[in-house]
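So the chains spell out like this:
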Amino acid sequence: MRPIATTRSATGIPTGRLAVWWVIASEIVIFGGLLASYLMHRLGHPEFAGPDFAGATTTWIGATNTFVLLTSSLFAVKAHDAAQKGNGPRAANFLWCTFGGGAMFLCIKAMEWTQEISHGYVITKNAFWSFYYVAAGIHASHVIGGMVIMAILSSDVRNNRELQRVELIGNYWHFVDLIWIFLFPLLYIAK
Amino acid sequence: MSDHGHAHDHKGHGDHGHGDHADHPSYEKTYGILLVLLLVSIAGPEIGIKWVTLVTAFGIAIVKAYLVASRFMHLNIEKRIVSYLLLAAVAFLFLFFAGVSPDVMKHRGNNWENMAAQDEVDRATTEAHNAPAAHH
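Chains as they are written, first to last, in numbering that gives the first Met the number 0: chain A, 0 to 190; chain B, 0 to 135.
Derived by calculation from the structure, the hints in this document are not laboratory data.
Mixed in with the good hints there might be a few duds.
Within a straight-line C-alpha distance of at most 27 Å, the following computed BS3-like cross-link-like pairs (lysine-lysine) qualify [stated by the list, open to error]:
| # | chain 1 | residue 1 | chain 2 | residue 2 |
| --- | --- | --- | --- | --- |
| 1 | B | K78 | A | K84 |
| 2 | B | K78 | A | K124 |
| 3 | B | K28 | B | K105 |
| 4 | A | K84 | A | K190 |
| 5 | B | K28 | A | K190 |
| 6 | A | K190 | B | K78 |
| 7 | B | K28 | A | K84 |
| 8 | A | K84 | A | K108 |
Please read these numbers as outputs of a predicted model, since none were measured by experiment.
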């Protein structure tokens, strides 16, 4: 017995996938609004490029995190591919690889923030650092959320149940990667 | 009620409106392209020319985002309504930017002046010129 929402579709798109796209559309407005606000302030405050502002971020750390997230996105799409072929155990393994990428991202982020905070670059230092910690922090919370969902899904997926959910969490994860693709140049390169 | 545990229920590239999975671009190849673009986006700003930085850092971000959206999220074979939904969200974003940015990015207008913002720019710029180099 399944709820009617999982079987009825007005658009022809499975309801779960459509729901994830709705979530992504709302996240575009959330993150887009935050990044647009940052961009406005950045363009109105040229001092944001200075050494006590964006100049103090470490480009190679941001680049490493970008590499980690891109790799985890590859694992996520490989998990989807395995699920498409009905190979639940393989899909579950790739999901855990994606989870590992998220964990590595968070570890690098934690070390980076520890370093920056120890140098006095805290959230109240100036407007740039407020944006930095809020944007990266909300992104990191989305990474954590995705990891939790992947961990929950993995046991069902490994037993070849609910394989369609691999695509759904994959789409969410790719969007988390997309946000970072825009955050990286804004916070780490434009200085 | 269909059993969503069975593989064939979601072999649905059919329900993406696309039946042939064989000609999908290689995920590994796409990943390689993304890594190359990442390297270019890091190296470009090192040249020190502003337009090169804009193109390599931000232009490449848009290209990378397109590749992830189309090839990893399969937006290119998804039903059109999803693209319309996402574009609608982006349109609202531009509306927000258009409505708010003049007040934030400019510090004076026809009948107003944001002296606090201007003072902050002057203060921070002066401090940056006078401060020793950052230890990053």
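Okay, the hints, checked on the actual structure:
Pair hint K78(B) plus K84(A) holds up; C-alpha atoms about 22 Å apart against a cutoff of 27 Å. Among the hinted pairs, K78(B) with K124(A) is inconsistent with the structure: their alpha-carbon atoms are about 46 Å apart, more than 27 Å. Between K28(B) and K105(B) the CA atoms are separated by roughly 44 Å; this puts the pair beyond 27 Å, and the hint is violated. Restraint check for K84(A) and K190(A): the C-alpha separation of about 46 Å exceeds 27 Å, so the hint is violated.
At most 27 Å may separate the alpha-carbon atoms for a hinted pair to count; K28(B) and K190(A) exceed this at roughly 31 Å. At most 27 Å may separate the alpha-carbon atoms for a hinted pair to count; K190(A) and K78(B) exceed this at roughly 40 Å. Distance check on the hinted pair: K28(B) and K84(A) sit about 20 Å apart at the alpha-carbon level, within 27 Å; holds. For the hint linking K84(A) to K108(A), the alpha-carbon distance of about 35 Å lies beyond 27 Å, and the restraint is violated.
The structure does not agree with the numbered hints 2, 3, 4, 5, 6, 8 stated previously, though it agrees with the rest.
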